[in-house]
Amino acid sequence: MHRSSGEIVVKDKEWGKAYNENNILDGLLEFFSGRVADLNLMSEVLNKMKRVKEWFATQKSFQFYASSLLFVYENDPSLPPNVRIVMIGELIS
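Under the working numbering, the first residue of the sequence shown carries the number 3, and numbering increases by one thereafter.
Keep in mind that the hints were calculated from the coordinates and are not lab data. Any given hint might turn out to be false.
What the hints assert, rightly or not - Listed next, the in silico DMTMM-like pairs over lysine to aspartate or glutamate satisfying Cα-Cα at most 20 Å (straight line):
(1) 19 to 32
(2) 52 to 40
(3) 13 to 32
(4) 52 to 28
(5) 55 to 23
(6) 62 to 92
(7) 50 to 16
(8) 50 to 76
(9) 19 to 76
(10) 15 to 28
(11) 55 to 78
(12) 50 to 40
(13) 55 to 14
(14) 62 to 46
(15) 50 to 28
(16) 13 to 76
(17) 15 to 32
(18) 50 to 32
(19) 52 to 14
(20) 15 to 78
Build out the structure end to end from the sequences listed, making use of the hints.
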């Protein structure tokens, strides 16, 4: 994570596991704090997360027992928001 101070902060997977459907917004705001108050960035993140959720809700080919999302984004506020989400899943065969 890059904070607006320029400091690099590293969080482990336990940090991410502390968030759930009730407090995920707090986690996302902290994670993307390098672009504080950038509503365009947050809008793009939420739109992409909705697409992932829709995919999980409609796909019938795979049975997941665990999955993770890796977020990669451009931290330079002078550039337009650019977010990539990589899904890593554990499947039941």
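Please list, smallest to largest, the hint numbers that this structure does not respect. Result: hints 7, 9, 11, 13, 14, 19, 20 break, sorted rising.
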